[in-house]
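Undergrad: We have chain B; now place chain A onto it with these hints.
2 protein chains.
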Amino acid sequence: MSEYDGKNMNAIHVNLGPRSYDIAVVSNEIEPLGAFVRARTARSQLAFIVADSNTVGHAVDVADRLRQAGFKCETAAVPAGEESKCLAQAERLYDRLAELNADRQTLVVAVGGGVVGDLAGFVAATWNRGLPLFMIPTTLLAMVDSSVGGKVGINHPKGKNLIGAFHQPAGVWIDTQYLTTLPDREYLSGLAEVVKYGVILDTEFFGWLEANADAVLNRDPFALQHLIAQSCRLKARIVEQDEREESGLRMVLNYGHTFAHAFEAVSGYGTWLHGEAVAAGMICASRLAERLNLVSAEVTQRQVRLLEKFRLPTAPNEWPIEDLILSMRRDKKALAGTMRFVLPKRIGEVAVVDDVADSAVKEILKLLE
Amino acid sequence: MSEYDGKNMNAIHVNLGPRSYDIAVVSNEIEPLGAFVRARTARSQLAFIVADSNTVGHAVDVADRLRQAGFKCETAAVPAGEESKCLAQAERLYDRLAELNADRQTLVVAVGGGVVGDLAGFVAATWNRGLPLFMIPTTLLAMVDSSVGGKVGINHPKGKNLIGAFHQPAGVWIDTQYLTTLPDREYLSGLAEVVKYGVILDTEFFGWLEANADAVLNRDPFALQHLIAQSCRLKARIVEQDEREESGLRMVLNYGHTFAHAFEAVSGYGTWLHGEAVAAGMICASRLAERLNLVSAEVTQRQVRLLEKFRLPTAPNEWPIEDLILSMRRDKKALAGTMRFVLPKRIGEVAVVDDVADSAVKEILKLLE
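Note that the protein sequences, when read in sequence, are chains B and A.
The first sequence begins at 60 in my numbering and counts up one residue at a time.
The second sequence begins at 60 in my numbering and counts up one residue at a time.
One or more hints might be untrue.
One copy or any two copies: either way a pair holds, since identical chains are not told apart in the list.
In silico DSSO-like cross-links for lysine-lysine, where the CA-CA straight-line distance does not exceed 30 Å [unchecked claim]:
#, residue 1, residue 2
1, K131, K219
2, K421, K219
3, K131, K425
4, K421, K404
5, K421, K131
6, K131, K217
7, K217, K368
8, K425, K219
9, K368, K425
10, K421, K368
11, K368, K131
12, K421, K217
13, K404, K217
14, K404, K368
15, K425, K404
16, K131, K404
These aren't lab readings, by the way, just hints derived from the structure by calculation.
Nothing here was measured: the structure is a model prediction, and the numbers come from that model.
Here chain B stands alone, though its shape is the one from the complex (with noise of 0.2 Å):
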């Protein structure tokens, strides 16, 4: 990445052998896309560039870049929300890139949140069996979850992201510019997963956020570099070690989100956002910990008083405890009576924690009613 750190450039590198690729955090600063992207490209002619109604604008502007750096753009939106993540809208998206005689040399480019590059990342991974794909994230959650890993797919009426792939992106560009018109409510939900890096792995990041709480909630372009460049770099460590959850080390990034899939699923998708319920989930699961003498009250408090700051939720609403218990059962495929918990031993450490009695989860859920 040594042609572009010169201005204000955070770059992470993702080694995953043959597709190692990087990740480029820049603020409000366009003009080295091109390069970036043909750097990574060298033979490709077309990029194909997806959005959805909300970032068409944001599309607009990196045609104009890619164009300068020698592509063919053509650009392809999607009704902006979860049901854009579907077979029929892949099958569009397969229909256009048919009608474009795009070859395996093609780049699919997606600008948006989850969806979009959900959505055209499945697309990229299987139209003539994989095209390589570049991914502008215009949320905090993609910017600091989706951006690495690789997961990409659609949802099935059964279930989400039941079709889908690992398909590791060609390079990733990340500009803390589009978080200035982000909702207030989508942008602090993404800050529940930053946080979550901050108890898995990184203490000191932790004691950075708490730190820096109000240049977060101001958008502080310094602070959002550093924000999302540690982020991602903390999730490419674990990603890199198990790069198809194989190992079941890549679990420990689950912390939060067994209870998290709980709420929402109970609570019916779209009543919380991800980032609400993983907050929340975050607390049960450190004071499930604490209940079973992982740690003290004070890992908790602080979490809480991070998140409250962050005006994100730290308990769930009255829902029926035997339904939540029921959703994480079928959620966590586990043992009669018995579940599996990522929790935390401190502040920048978690365990996975295998046979946790029904019987404590419960009462954990009845202490926050």
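TA: Chain A in isolation, oriented as in the chain B frame:
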């Protein structure tokens, strides 16, 4: 494979690091199938068996064996024929997997020819980001070609295999018994790819085919076991070095295919079977090599004699030469006025020749009119 090699079993190990797998080649011996599959999919509980209307009988036998090995079995059948390699059939199979609450360990078993293998393989590659896949090919072409290499996919109205992935199976089980009921024309068509392996990689194997042509035509089980095992072994040696068609090495497998694709496209798919087009395509390529002084006429003559013995065509029908050239140029995305071909240097070795003039190709096609 030591556990099964006692009784007339050939085994080929395809060495692809963490994606390595074994191909068993047997004759009328289904009894060890359960143990063979179980040894490679220790954690699977459910086997989802996909067949077509011609192979449901075989699927029933397979299910019996897998049940004895402790699998719960469910079977789905798609209509026989190329039309089933489509997104609508993939969606039907996704729906079945969802109904069955398939998990990440659910085994997909493809029992059939190339259509079933490619379709079921694509569904396996994309459900839950990749399920284990077991191939039980029932046509000669599927046994010697699509069992090795991990290419799976479906067709798009604009072209074959445009939607697909690389997904290596967990194992392949080939029983020559399935070939006893295969229609003559389909069986003979599969032999074209077998002859191809001899020409591109193995002069001794080509000699064996010449010497044992009658046994091959009589579908002698021992001859079939050798022929299939050696074809898989030869293809495996190539795929091992170029798993995802990146280095260009895998291109040698396309001997005869540039002409063949043009014959299929210009005549309308289905007029000739794929192997028939490949047979005529190899002779065109060999004559082109003669013209370029790469080989003597004898190299072509040996191929002609063997293919004629196998009742395969050795020249195209009277299709318009300009249409064929146009189709080949599109297929190869070549530079103006020249094309790339895989051409024989002798029986057992080919070269990739980059700048073959259109005029030379035209003359070959005219000669054969």
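Undergrad: Next step is simple, just say for each hint if it's right about the structure.
TA: To see whether the hints hold, each was checked on the structure:
With identical chains, the CA atoms of K131 and K219 are at most 30 Å apart between copies only, with a shortest distance of 25 Å across copies and 34 Å within one. Taking identical chains as interchangeable, the C-alpha atoms of K421 and K219 lie at most 30 Å apart only when both belong to the same chain, with a minimum of 26 Å there against 53 Å between chains. For the homomeric pair K131 and K425, neither the shortest alpha-carbon distance inside one copy (58 Å) nor that between copies (39 Å) is at most 30 Å. Taking the shortest alpha-carbon separations for K421 and K404, only the intra-copy value of 21 Å comes in at or below 30 Å, while the best inter-copy value is 74 Å.
For a Cα distance limit of 30 Å, the shortest separation of K421 from K131 qualifies neither inside one copy, at 57 Å, nor across copies, at 33 Å. Taking the closest pair of Cα atoms, K131 and K217 come within 30 Å of each other only across two copies (21 Å); inside a single copy the shortest separation is 38 Å, beyond that limit. Taking identical chains as interchangeable, the C-alpha atoms of K217 and K368 are never at most 30 Å apart, the minima being 36 Å within one chain and 54 Å between chains. For the homomeric pair K425 and K219, the shortest alpha-carbon distance inside one copy (28 Å) is at most 30 Å, but the shortest distance between copies (57 Å) is not.
Proximity of K368 to K425 under the C-alpha cut-off of 30 Å is restricted to the intra-copy arrangement: shortest distance 24 Å within a copy versus 80 Å between copies. Taking identical chains as interchangeable, the C-alpha atoms of K421 and K368 lie at most 30 Å apart only when both belong to the same chain, with a minimum of 27 Å there against 75 Å between chains. Within a single copy, K368 and K131 get their C-alpha atoms no closer than 46 Å, and across copies no closer than 51 Å, so neither meets the 30 Å cut-off. Taking the closest pair of Cα atoms, K421 and K217 come within 30 Å of each other only inside a single copy of the chain (27 Å); across copies the shortest separation is 55 Å, beyond that limit.
For the identical chains of this complex, K404 and K217 are neighbours neither inside a copy (35 Å) nor across copies (55 Å), given an alpha-carbon limit of 30 Å. For the homomeric pair K404 and K368, the shortest alpha-carbon distance inside one copy (23 Å) is at most 30 Å, but the shortest distance between copies (73 Å) is not. Taking the closest pair of Cα atoms, K425 and K404 come within 30 Å of each other only inside a single copy of the chain (23 Å); across copies the shortest separation is 78 Å, beyond that limit. Proximity of K131 and K404 under a CA criterion of 30 Å is satisfied in neither setting, with 52 Å inside one chain copy and 40 Å between copies.
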